Amino acid sequence: MHFKQFTKYQKRVSLSTGIGFVLERMDAAFIGLALASIIATLHITKAEGGLIPSITAIGSLFGGIGFGILADKFGRVKTLSWSIFIYALGTAGMGLTNSFFMLCVFRIIIGIGTSGEYGIALTMLSEAFAKKYMGRISSAAGVAGQLGAVLASLLAAFIIPHYGWHLLFFIGILPVILAWFIRFHLPESDTFNRNRELAKTSEKIHLGDVWSLFSTPHEAFLSLRIIIMFLIHIAGYTTVMNWLPTIAQERMHVNVASSSLWMVFTIIGMAAGIGVFGYMQDRFGSRLAFSIYLLGSAASVYLLIMAQTKLEFVAAGTIVGFLTDGMYSGYGAIVSSLYSSKNRATANNTIMSIAKTIGTFTPVLIGFIMDVSTITMVVIFMSCCYVVSFVVMMSIKQLKKGHPRYAKNN
Numbered sequence: 015m016h017f018k019q020f021t022k023y024q025k026r027v028s029l030s031t032g033i034g035f036v037l038e039r040m041d042a043a044f045i046g047l048a049l050a051s052i053i054a055t056l057h058i059t060k061a062e063g064g065l066i067p068s069i070t071a072i073g074s075l076f077g078g079i080g081f082g083i084l085a086d087k088f089g090r091v092k093t094l095s096w097s098i099f100i101y102a103l104g105t106a107g108m109g110l111t112n113s114f115f116m117l118c119v120f121r122i123i124i125g126i127g128t129s130g131e132y133g134i135a136l137t138m139l140s141e142a143f144a145k146k147y148m149g150r151i152s153s154a155a156g157v158a159g160q161l162g163a164v165l166a167s168l169l170a171a172f173i174i175p176h177y178g179w180h181l182l183f184f185i186g187i188l189p190v191i192l193a194w195f196i197r198f199h200l201p202e203s204d205t206f207n208r209n210r211e212l213a214k215t216s217e218k219i220h221l222g223d224v225w226s227l228f229s230t231p232h233e234a235f236l237s238l239r240i241i242i243m244f245l246i247h248i249a250g251y252t253t254v255m256n257w258l259p260t261i262a263q264e265r266m267h268v269n270v271a272s273s274s275l276w277m278v279f280t281i282i283g284m285a286a287g288i289g290v291f292g293y294m295q296d297r298f299g300s301r302l303a304f305s306i307y308l309l310g311s312a313a314s315v316y317l318l319i320m321a322q323t324k325l326e327f328v329a330a331g332t333i334v335g336f337l338t339d340g341m342y343s344g345y346g347a348i349v350s351s352l353y354s355s356k357n358r359a360t361a362n363n364t365i366m367s368i369a370k371t372i373g374t375f376t377p378v379l380i381g382f383i384m385d386v387s388t389i390t391m392v393v394i395f396m397s398c399c400y401v402v403s404f405v406v407m408m409s410i411k412q413l414k415k416g417h418p419r420y421a422k423n424n
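Taking the working numbering, the leading residue of the sequence shown gets 15, the next gets one more, and so forth.
Among the hints, erroneous ones may be present.
Subject to a maximum C-alpha distance of 25 Å in a straight line, what follows is the list of computed DMTMM-like cross-link-like pairs (lysine to aspartate or glutamate) [unchecked claim]:
(1) K146 x D296
(2) K145 x D385
(3) K218 x D204
(4) K87 x D296
(5) K25 x D223
(6) K22 x D223
(7) K145 x D204
(8) K146 x E202
(9) K146 x E217
(10) K22 x E233
(11) K214 x D204
(12) K25 x E202
(13) K145 x E233
(14) K324 x D385
(15) K414 x E326
(16) K218 x D385
(17) K92 x E233
(18) K22 x E217
(19) K145 x E211
(20) K411 x E217
(21) K411 x D385
Think of the hints as simulated: they come from the structure by calculation, not from any bench.
Quick caveat: nothing in here was measured; it's all calculated off a predicted structure.
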């Protein structure tokens, strides 16, 4: 399906989702690229520095679940526009302070906002396109997100050495423009409108029912396993994005500008991995696609300690990025397929938020490991996590291609 074949509504949903992912990934990349400079400016430990991005999870938990429920009850468009406005405000606030405490406060505000973006946007895509295209459509949005990370790396390479890290975060006000566009130019989906009408006439239909994800042991076990998988993905991504620039600066003895430019190659690898994963997910099914990427991730992270030259380190980062982040949009695709449209945004946001709350504290653990041990221990830890995710994924029978629950799209 080519872009020219999209309906007007599909084009608007795709455009707004893609731009939203660009700006959301810019924010995630900003904190990682600026982390070494923030640590130096505030004279804090690496473990404390790891707390700045990790504390975002506090806001993510409440904002994600809350925005998911609101999106199912009152509309995806209105809720998404408010979530974007909140995280733009928090990102801009990062540039106004040198206080460690206030940086943490603004990261919590950012967490509230960004937690609504991922799940609601993927829910809107799932309701705009047929399921057979969902892997590729969601991966296209993920690739767009990597453009934001590339842009963030280029901006960091230029801005931080010359103007400091504060200016970098003022750019975060840009998402407000997107929020305005979404709120006034995008209608609600037919699926949401139909569910809202049904809920008005039937007391048995509950929109935004977060407890439905855990209402029975079977449902709770399914949700728990998807949370574990996404948690490990978030842990791997935050480790790469938050600590790879610092590792490059220390291990290869390069400056901030060089480490930021190196991240561009890692992010390009991530974008390529997302694109390939989306095709594989639609063509061969989620189980095979996740198997290849998870096992590949477990093996590829060792390249980071095997690299001896700068060129080898760049190549290692590109390969690691391809495999570890290639699955990013795949989680939203499977959640959108496995849960009813009546609670689809709630399911996406709740699963994402719980996973993000736990997973984004990984930089604190990684910072502690780097303070007391070596990078080798970090790599071993990451590799074991991906093996665990593979074992969990293989236990989810609903991910088999052709499984009745996976095939539905109601």
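Here is how each hint holds up against the structure:
A C-alpha spacing of about 6 Å is found between K146 and D296, which places the hinted pair at or below 25 Å, so the restraint holds. For a cut-off of 25 Å, the pair hint linking K145 to D385 is broken: about 46 Å separates their Cα positions. Between K218 and D204, the direct Cα distance comes to roughly 20 Å. Compliance with the 25 Å bound is thereby established for this hinted pair. For the given pair, K87 sits about 30 Å from D296 by alpha-carbon distance, which is inconsistent with the 25 Å threshold.
Note on K25 and D223: the hinted pairing is violated, with a Cα-Cα distance of about 30 Å set against a maximum of 25 Å. Simply put, K22 and D223 have alpha-carbon atoms about 31 Å apart, too far for the 25 Å limit, and the pair is violated. With a C-alpha separation of about 16 Å, the suggested pairing of K145 with D204 holds against the 25 Å cut-off. The straight-line distance between the Cα atoms of K146 and E202 is roughly 22 Å, inside the 25 Å bound, and the hint therefore holds.
For the hint pairing K146 with E217, the CA-to-CA distance comes to about 32 Å; that exceeds 25 Å, so the pair is violated. Proximity of K22 to E233 is assessed by CA-CA distance (about 36 Å); at most 25 Å being required, the pair is judged violated. Of the pairs offered as hints, the one joining K214 and D204 holds, with about 16 Å between alpha carbons and a cut-off of 25 Å not exceeded. Proposed proximity of K25 and E202 is supported: the alpha carbons are some 14 Å apart, at most 25 Å.
Taken as a hint, the K145 and E233 pair is honoured in the structure, with Cα atoms around 22 Å apart against an allowance of 25 Å. Among the hinted pairs, K324 with D385 is consistent with the structure: their alpha-carbon atoms are about 23 Å apart, no more than 25 Å. Between K414 and E326 the CA atoms are separated by roughly 37 Å; this puts the pair beyond 25 Å, and the hint is violated. Restraint check for K218 and D385: the C-alpha separation of about 54 Å exceeds 25 Å, so the hint is violated.
Our distance criterion of 25 Å between C-alpha atoms is broken by K92 and E233, whose separation comes to about 29 Å. Distance hint between K22 and E217 is unfulfilled; the C-alpha atoms sit about 34 Å from each other, more than 25 Å. The suggested pairing of K145 with E211 holds, with an alpha-carbon distance near 23 Å, which does not exceed 25 Å. Under the criterion of a C-alpha separation no larger than 25 Å, the hint pairing K411 with E217 is inconsistent with the structure, at around 32 Å.
For the proposed pair K411 and D385, the alpha carbon gap of about 41 Å is over 25 Å, so the pair is violated.
The structure fails hints 2, 4, 5, 6, 9, 10, 15, 16, 17, 18, 20 and 21 (numbered hints given earlier, in ascending order).
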